[in-house]
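J.: Chains A, B, C and D, in that order, give the protein sequences. Numbers 1 to 103, taken from the working numbering, label the letters of the first sequence in order. Numbers 1 to 174, taken from the working numbering, label the letters of the second sequence in order. Numbers 1 to 219, taken from the working numbering, label the letters of the third sequence in order. Numbers 1 to 398, taken from the working numbering, label the letters of the fourth sequence in order.
Hint data in this document are derived by calculation from the structure and do not stem from the laboratory. Be aware that a few hints might be false.
Said to hold, decoys possible - Straight-line C-alpha distance at most 30 Å; calculated DSS-like pairs for lysine-lysine: (1) D/54 / A/91; (2) C/86 / C/186; (3) C/8 / D/54.
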Amino acid sequence: MTPLQACLLISALLFAIGFAGAVTRRHAILVLIGIELMLNAANLNLIAFWRFGPHPEALTGFIFVLFSMAMAGAEAAVGLALIIAIYRHKKTSNLDEVKELKG
Amino acid sequence: MPPFFIITGIVTLLGAAFAMSLRNLVHCALAMAVAFSGIAALYLQLDAQFVGFAEILVYVGAIAILIVFAILLTRSGEAPEKSVLTSGWMAGIAVSAMVFTMLGWAVLNSSAIPKETPPAPVATVKNVGDALMTKFVLPLEIIGLVLTAAMIGAVIIALKEDSQKSKSEDGGQQ
Amino acid sequence: MLGEQIIKGMAVTARNFFGSYVSKERLTTVQYPEEHLAQKENTRQFPFLVYDGDNWEKGLRCVACQICEKECPPKCIYIVKSKDKKPDYKGQPQIYPLTFDIDISVCMSCQICVEVCPFESIKMDTKFELSTDDRFGGLLLTKDKLAKPNSYYQEMHPHDAAESDAVIAAEKAKAEAKAKATAEAKIKAETEAKAKAAAVAATAPIAAPAPTTQPPAAK
Amino acid sequence: MFDKFDQIFVTALHWLVSFLPEGLRPFVSALICIAFVMSVFPGVFALTTVLERKILGRIQNRYGPNRVGIPFTKIRLCGFGQFIPDGIKSLTKEDIVPRAADKVVHFLAPVVMLVPVLLAYAVLPFGKHMTITDYDAGLLFFFAVGGAVEVSVFMAGWSSRNKYSLLGAMRAIAQMVSYEIPLILSAVTVVMVVGSLNLSEIVKHQNNYTFGIAHWHVFTPWGLVGFILFFIASLAESNRTPFDLPEAESEIIAGYFTEYSGFKFALFFLGEYLGMFAIIGLGITLFLGGWTSPVSFLTWIPSYLWFLSKLMTIVFVFIWIRGTLPRLRMDQLMNFAWKFMLPLALINILVAGIWHYMAADWPRWLVCSAIIFGAYAILGRGLMQNQNFGKRIYRYAE
Numbered sequence: 001m002t003p004l005q006a007c008l009l010i011s012a013l014l015f016a017i018g019f020a021g022a023v024t025r026r027h028a029i030l031v032l033i034g035i036e037l038m039l040n041a042a043n044l045n046l047i048a049f050w051r052f053g054p055h056p057e058a059l060t061g062f063i064f065v066l067f068s069m070a071m072a073g074a075e076a077a078v079g080l081a082l083i084i085a086i087y088r089h090k091k092t093s094n095l096d097e098v099k100e101l102k103g
Numbered sequence: 001m002p003p004f005f006i007i008t009g010i011v012t013l014l015g016a017a018f019a020m021s022l023r024n025l026v027h028c029a030l031a032m033a034v035a036f037s038g039i040a041a042l043y044l045q046l047d048a049q050f051v052g053f054a055e056i057l058v059y060v061g062a063i064a065i066l067i068v069f070a071i072l073l074t075r076s077g078e079a080p081e082k083s084v085l086t087s088g089w090m091a092g093i094a095v096s097a098m099v100f101t102m103l104g105w106a107v108l109n110s111s112a113i114p115k116e117t118p119p120a121p122v123a124t125v126k127n128v129g130d131a132l133m134t135k136f137v138l139p140l141e142i143i144g145l146v147l148t149a150a151m152i153g154a155v156i157i158a159l160k161e162d163s164q165k166s167k168s169e170d171g172g173q174q
Numbered sequence: 001m002l003g004e005q006i007i008k009g010m011a012v013t014a015r016n017f018f019g020s021y022v023s024k025e026r027l028t029t030v031q032y033p034e035e036h037l038a039q040k041e042n043t044r045q046f047p048f049l050v051y052d053g054d055n056w057e058k059g060l061r062c063v064a065c066q067i068c069e070k071e072c073p074p075k076c077i078y079i080v081k082s083k084d085k086k087p088d089y090k091g092q093p094q095i096y097p098l099t100f101d102i103d104i105s106v107c108m109s110c111q112i113c114v115e116v117c118p119f120e121s122i123k124m125d126t127k128f129e130l131s132t133d134d135r136f137g138g139l140l141l142t143k144d145k146l147a148k149p150n151s152y153y154q155e156m157h158p159h160d161a162a163e164s165d166a167v168i169a170a171e172k173a174k175a176e177a178k179a180k181a182t183a184e185a186k187i188k189a190e191t192e193a194k195a196k197a198a199a200v201a202a203t204a205p206i207a208a209p210a211p212t213t214q215p216p217a218a219k
Numbered sequence: 001m002f003d004k005f006d007q008i009f010v011t012a013l014h015w016l017v018s019f020l021p022e023g024l025r026p027f028v029s030a031l032i033c034i035a036f037v038m039s040v041f042p043g044v045f046a047l048t049t050v051l052e053r054k055i056l057g058r059i060q061n062r063y064g065p066n067r068v069g070i071p072f073t074k075i076r077l078c079g080f081g082q083f084i085p086d087g088i089k090s091l092t093k094e095d096i097v098p099r100a101a102d103k104v105v106h107f108l109a110p111v112v113m114l115v116p117v118l119l120a121y122a123v124l125p126f127g128k129h130m131t132i133t134d135y136d137a138g139l140l141f142f143f144a145v146g147g148a149v150e151v152s153v154f155m156a157g158w159s160s161r162n163k164y165s166l167l168g169a170m171r172a173i174a175q176m177v178s179y180e181i182p183l184i185l186s187a188v189t190v191v192m193v194v195g196s197l198n199l200s201e202i203v204k205h206q207n208n209y210t211f212g213i214a215h216w217h218v219f220t221p222w223g224l225v226g227f228i229l230f231f232i233a234s235l236a237e238s239n240r241t242p243f244d245l246p247e248a249e250s251e252i253i254a255g256y257f258t259e260y261s262g263f264k265f266a267l268f269f270l271g272e273y274l275g276m277f278a279i280i281g282l283g284i285t286l287f288l289g290g291w292t293s294p295v296s297f298l299t300w301i302p303s304y305l306w307f308l309s310k311l312m313t314i315v316f317v318f319i320w321i322r323g324t325l326p327r328l329r330m331d332q333l334m335n336f337a338w339k340f341m342l343p344l345a346l347i348n349i350l351v352a353g354i355w356h357y358m359a360a361d362w363p364r365w366l367v368c369s370a371i372i373f374g375a376y377a378i379l380g381r382g383l384m385q386n387q388n389f390g391k392r393i394y395r396y397a398e
């Protein structure tokens, strides 16, 4: 197994774990954590391909990861603000109980 | 394959698995911080130090803390008595297992994977800065805009409804 | 301007900081085991027993009347009376304490024992460094440790000691006067008796030889 | 001669390592460096605990500890032996864990606190050629590991299951997050002017002399403001008075380490002080010329001594401030961070840019000073005017 394949396998497993968590857990914050894990799996992929790819000096994957981190920060901020707003409104952050559009 | 790489990978995956499976949400958040630290260590071993430290700064220093705050603000610090899983969790696990098998199969059998390891690239802060200020200057600006928008949006969403509105709501309830 | 008051405050503390190195008046702390503050005259710590003269066993004023033992609120005094009697400072035969213990781990320095003592025998000491590593025996003061000479008391509390000495002197004087009075009365009675006897003797044919030696002895 | 004395530690390290086989050398030299940090800075910590009590005592016209010296002798060393019994006491005390506490997290919190703090020393230049890892993005590394301290604070506060602990932890995190922004922004000015995140590079940039006076960043308008901002923010980051709300004894007992005792408490205490030294060390490196001497005729004094003396001077000022200022209220704390320090730091970045691009002559001094002074006056006035002395309105988290 080459190092690249090892990285990709780790990232695939990380993605699967994050996905399983996001799909199976009830709590909204845990879904968010799962999404963060999936994003990180993608970032790991990008870094691995930058490192072992043909043109590392172009820094494409590297910069992509930086931007993706900034996006993750924005996403987390907005997501958590939404969760808090929903909690304030419905007194729950359990996703099964937040399925009605009627407020 | 250096052993340290494998250890970090295992720590990362264990952290992620615990983050997704523990009952207590605060434990989940802390396990997530472990997973992120592991990913940062992986980045360091892939010669991407800048990204590694940015990962710790952003994920462990900011997002983990943010999530912990959200957990405490939504009063979910205690482990729930009810089931923590959704009704269709079996299907979810099955789908994610399928995703992993497919990805793993593709990774192991792909012909596009280069066989030899290239020498470590240099990604000094200066190079990154130059790239950000020349080639990627437009994405950088857009990211700045997105972050500002996200910040304002988050503040507006999380802000309490103004007192007049809540007063009328109270009146309505009575 | 923001920060102005902060700088003023910092200046004050800096003045204190450096001032404490130059001026001794700023540092009010007394470095205790090495330095001692002069004690006030009214300092009182724990009781002790006063004795007169040089021999503490002979000169002890205490007569084991046990009033202090009864009055002591925390009951820290323990007295055993003697069976025999010894002459006190007045020369009267008195009971004396065989045992006189004060447990100063119990004593609360209330000074009631001093107030009630009719013999000016128990007084308050100013010694306070009484810590010991033996918390049972070391804090139980026995008679020999409690006994201190009157000169010590006079030095420690001159005013009180003078008062107490005056009381004792008055008592003594009273007792002497009484003794004298009784002696005089005795002598008078004797002389009267003798005079009577002499008168009787004068009338009688035999004269007594004794009355010639009597006057100097009476003086 | 003086140069040899300056490099004595570096030469000693090379000499020690030279006996080993080639493959072991990096590993062993790293171990020696770790041992160096683990012995020197806890030593400075021990000294500081006594010094702090002595200085506070003097400020309040007391002596402070002056008894304990070398055991079994009459030598008192002005009380500087005090840390030995203190240490023995805190290390041998019973370790009490609340029954309701989350045992694992409660146990891990002090460790998680100490690890990033010690890691931060890896990039600090203690002297000439005395940086453990001369890493390209050292400043980023420093701030990254500094951010991990917040997690440990939360772990300690939450796992104790004590409302005081939790309140203290929440206060500490809110304070650290708020003050990290002016901290980083004030450091950004230096990065802009030097053009490097490498701390050795930053020191080298300040190691020039005109008329015998060093080119420290603090001697420029933007550097002065940056240093003051950094100083205040580092006071807040290390939870020192007047920003010691997280452990306000009179309100919430001891904050997030209320439920800690014995060895774990000692670890927290150590971690807090080591964090303070690290952040002071960074401030020295960024603004006060690191290990360089302020005047050219004193360059013969060994560089590590300069670093240490600067460190102790700033520690003294920290203690002095602790002896002077009362604790802030939470809203004052937040107002100060967001309404005064953040705008001033942003303006300072602008000033640093102007400074960088204007010709090195007197007009740039004038322009930069004018901008900074104006901003300071306006922001300061705004902060004072917004003070609300009326009845407080409480808002609770729901």
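J.: For each hint, tell me whether it holds in the structure or not.
T.: Here is what the structure says about each hint:
1. Among the hinted pairs, residue 54 of chain D with residue 91 of chain A is inconsistent with the structure: their alpha-carbon atoms are about 53 Å apart, more than 30 Å.
2. Between the alpha carbons of residue 86 of chain C and residue 186 of chain C the distance comes to roughly 25 Å, so the proposed pair stays at or under 30 Å and holds.
3. A C-alpha spacing of about 22 Å is found between residue 8 of chain C and residue 54 of chain D, which places the hinted pair at or below 30 Å, so the restraint holds.
Consistency note: the structure conflicts with earlier hint 1 alone.
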